[in-house]
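Please model the complete structure; the sequences and the hints are all you need to start from.
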Amino acid sequence: MNNNVRRFRRFRSKYYPLFTFNNTIYIISVPIIGMSGDKIKKISTNTNTNRNVYFMIGRFQPPTSGHIQMIFNMAKMADKDADVYVFATSTQDSNKNPLHVDDKIKYLKESYEHNKLSNKLSKEVRFINTTTCLKEFGPPIQGCKHLSAIIDVLLSAGYTKLNLCVGSDRVKSFTNTFEKYKKPSGIHMKVISLGERNNSNNTDISNISKISGTKMRTLAMSGRLEDFKKGTMLPNNSAKLLMKLIQNRTKEQMNKSKTNKTSKRKRSRSPNKSLKKHKVN
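Numbering that gives the first Met the number 0 numbers the first residue of the sequence shown as 0 and each following residue consecutively.
Some clues are possibly wrong.
List time: in silico PhoX-like cross-link candidates among lysine-lysine, alpha-carbon distance up to 20 Å [said to hold, decoys possible]: (1) Lys79 - Lys160; (2) Lys79 - Lys115; (3) Lys181 - Lys160; (4) Lys79 - Lys122; (5) Lys228 - Lys108.
Think of the hints as simulated: they come from the structure by calculation, not from any bench.
Given below as structure tokens:
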């Protein structure tokens, strides 16, 4: 068994070993220290030696019609027996990332399910919270906030063919990243173009056809509901709720940022007690 141990992951301040045996991923369900018995939980069974996965990574601040169309394209090109994942990043701030990752997952799922039938899709797409990544593959032991961690998780889940789907402008950079990754033998990894992405630096809100996350946040903060709706693939009421959520989250993050800056200024103005007082003659 020792030769099959892949890595250790932390779960609720205790360590659990994750290992593979006969193409099956296992995790011991009790702590190593003080462990009694061999209680082993199977995470997933790899019956296909060429397990195929298609996946994409994004900020989705917020999820736009362009994002959903790219997900449709990925689901359509995926092989019949392949799994499809969308990994939503977890960064949150007052500038470009007002939405919490749970908000993004919620509206991504709703957008996909709401438009799946009209796009003649039956493929299941799983939307992954990168702060609790392994919750989808097994116990919520750790997150997968970076590409290398996502690759590790997918390999640990038994996938042997990894297809990263990106906008056409990012194919070269991600291909270079994949080439630098030290993959085990028998693992195939490639980058696939999903077409041209919208220009995220485009702030011209008069052109809804070339919508971007930046433009959508601008529309939300301006209260332009009808234009905002056109940039989503959500039902009207959900689009309205998402716009309100962007407004609230942005204000929350801005207040939080102001509080942090005030605290830093106060600390910088306070006298350093560690300095010795010198007598001036």
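> Does Lys79 pair with Lys115 here, judged by a C-alpha cut-off of 20 Å?
Replying inline: holds (16 Å)
>> Between the alpha carbons of Lys79 and Lys160, is the straight-line distance 20 Å or under?
In response: holds (14 Å)
>> Between the alpha carbons of Lys228 and Lys108, is the straight-line distance 20 Å or under?
In response: Measuring from Cα to Cα gives roughly 17 Å; hence the hint holds.
> Between Lys79 and Lys122, does the CA-CA distance stay at or below 20 Å?
Replying inline: Answer holds: Lys79 to Lys122 is near 8 Å, not above 20 Å.
>> With the threshold set at 20 Å, check whether the alpha-carbon distance from Lys181 to Lys160 stays at or below it.
In response: holds (15 Å)
Checked against the numbered hints given earlier, the structure satisfies every one of them.
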